[in-house]
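Novice: Residues per chain are reported as follows:
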Amino acid sequence: MKLQAYLAQLPGDKVLADTPTGTWTASRLLENYHAWAQALSGRKVAVQLADPGLGIGVLTALDGAAASITLLSPALPPEHLPKLLEHAQCDILLSDTTAATDELPLSDVYLHPDEIRPPDTKGVEYSSSTDWHLATSGTTGVPKLVSHSLASLVRTTKVRQPTGQEPRWGLLYDYTRFAGLQVLLQAVLAGSRLIAPPVDVPLRTKIAHLAAAGCTHLSATPTMWRKIAMTPEARELPLRQITLGGEIADDRILNSLAAIYPTARVVHIYASTEAGVGFSVKDRQSGFPTSYLDDPPEGVALRIADGRLFIKNTAVRSSYVGTDIGFGTEDGWIETGDNVTVKGGRVHFLGRASGLINVGGDKVYPEEVETILMSHSDVHAARVFGRASSIMGTVVAAEVVLNHPPGDGTEMRRELKKFLGMRLAPAKVPAIINFVEDLALNATGKVSRDAS
Amino acid sequence: MAADLKARIVKVFEDVFKEHTQATTAPSLNDDSVLLETGLDSLGFAILVIRLEEELGYDPFVLSSEAYYPQTFGDLIRFYEDNQPQ
Chain A
25 MKLQAYLAQL PGDKVLADTP TGTWTASRLL ENYHAWAQAL SGRKVAVQLA
75 DPGLGIGVLT ALDGAAASIT LLSPALPPEH LPKLLEHAQC DILLSDTTAA
125 TDELPLSDVY LHPDEIRPPD TKGVEYSSST DWHLATSGTT GVPKLVSHSL
175 ASLVRTTKVR QPTGQEPRWG LLYDYTRFAG LQVLLQAVLA GSRLIAPPVD
225 VPLRTKIAHL AAAGCTHLSA TPTMWRKIAM TPEARELPLR QITLGGEIAD
275 DRILNSLAAI YPTARVVHIY ASTEAGVGFS VKDRQSGFPT SYLDDPPEGV
325 ALRIADGRLF IKNTAVRSSY VGTDIGFGTE DGWIETGDNV TVKGGRVHFL
375 GRASGLINVG GDKVYPEEVE TILMSHSDVH AARVFGRASS IMGTVVAAEV
425 VLNHPPGDGT EMRRELKKFL GMRLAPAKVP AIINFVEDLA LNATGKVSRD
475 AS
Chain B
115 MAADLKARIV KVFEDVFKEH TQATTAPSLN DDSVLLETGL DSLGFAILVI
165 RLEEELGYDP FVLSSEAYYP QTFGDLIRFY EDNQPQ
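Chains A and B supply the protein sequences, listed in that same order.
The opening residue of the first sequence carries number 25 in the numbering used here; numbering runs sequentially from there.
The opening residue of the second sequence carries number 115 in the numbering used here; numbering runs sequentially from there.
Everything labelled a hint here was simulated from the structure, so no lab data went into it.
Idealized CB from N, CA, C, for every residue including glycine.
You can take every hint at face value.
Cut-off 20 Å, straight-line C-alpha distance, at most; resulting in silico cross-link-like pairs (SDA-like, lysine to any residue):
| no. | chain 1 | residue 1 | chain 2 | residue 2 |
| --- | --- | --- | --- | --- |
| 1 | A | K230 | B | T152 |
| 2 | A | K336 | A | G361 |
| 3 | B | K132 | A | G445 |
| 4 | B | K125 | A | I456 |
| 5 | A | K442 | B | T138 |
| 6 | A | K387 | B | S156 |
| 7 | B | K125 | A | E435 |
| 8 | A | K336 | A | R376 |
| 9 | A | K441 | B | E128 |
| 10 | A | K441 | B | T139 |
Some chain B residues close to chain A (C-beta under 8 Å, calculated; not the full set):
| no. | residue |
| --- | --- |
| 11 | D129 |
| 12 | K132 |
| 13 | V148 |
| 14 | L149 |
| 15 | S156 |
| 16 | L157 |
| 17 | F159 |
| 18 | I164 |
| 19 | A181 |
| 20 | Y183 |
Build out the structure end to end from the sequences listed, making use of the hints.
Specialist: Written out as structure tokens, the structure is:
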């Protein structure tokens, strides 16, 4: 079933989304359906639209009509755009955020979907299956694209809601990324309401907005949930379902949410752009039961080998779009890169195997940060690693050997953070910088990456 | 003792604030200041908690069995006082 069919079965005045641009009913969302679907039938379309309401309308028109949809974040650095368009072989860009259009490898650029006019010919054949290309969250260089189908994206989505009060889904994520798209599609498929607060306001304002709009279902990373728990407005959210994803959920935040929202279901999910949704855990405890290894609840096979978690790929292809870089073995298993241990009938997460640091859902490669640190004239050597944080899960930490004595360290720390802040995304700048006389090396003579 | 602990927390807060936001002065805090409105983001707050652990030798967010997140600066001070290792 394509997206349009879900919307078409709803009453026209049914509200599907409240967004910064207003209220989106089923009939408003389908208003331009035929014009857009016909104009873009068979095309490879890149979509970079900030407003989730407009996004739903455009995605609904494209699904089942376009050859492919490449979803791009409004926050995508402009210099990455040409490469992504090339990888996905896009021929049209729908963007309300991109200004530099002359140099893009495209035949058509529309700065707003309203500019799209249907072709004169009638009865255009819509292609039957549309590839959905989603960007990974890698923070080094150009994001990679993973190919999904609508079916693989909504595999675990519940189409029917339990009886009782209709759910209202809060959207705190970027809807163009895997986690946010899950929330958006969940609302469309179930015909329930999506509430998207303004993007550029403080978290307290967003939470107050969601509370006033009666948000009952909310999904966020554990780091975001800890921050939400610290807002006075959190107590006003009438939540019935709480979802955590993107990072390891520890017992403390699970217990805290259960205490603030005693009647809500608290669910943590394991998902990635590459693997899709792996499983969800509903018993309010961290980790997951070992029974999932034999009998996976969402039907996605899991296994542990060499202390690592492997998961069966549910994406359409197991290589990144437009590249020959694979992310799974030939029989479809993906090495998640997560170290796990089995204890007391439960599988627990220990952190990342590669030294890759997950900061509130953003992935940071220590080598990149080390390279920048070493380019500072006062730095002799540097080691970057993840440090456990009770607030953020993990933060980036650095040990730095200077060319001169650090003094009390305060001024030098400020200087290095300023230097790094001008060259790296905020998540990559080491939160903790300590000055040492020498770096620990491991058995192979490389800088040790063990988290400390 | 309590006044001393508060003074040490204020000092670490000021250091972290200036280092993390590149501001020259830190805001003055009272017990009713909402932590999320001090200008320190969640990464800044995570840094504050790690630096306080280095300074004071304990992290109440790890030690406390209570599933609690403080909202105001006063809540934070009390949380550190109540969870001091004996």
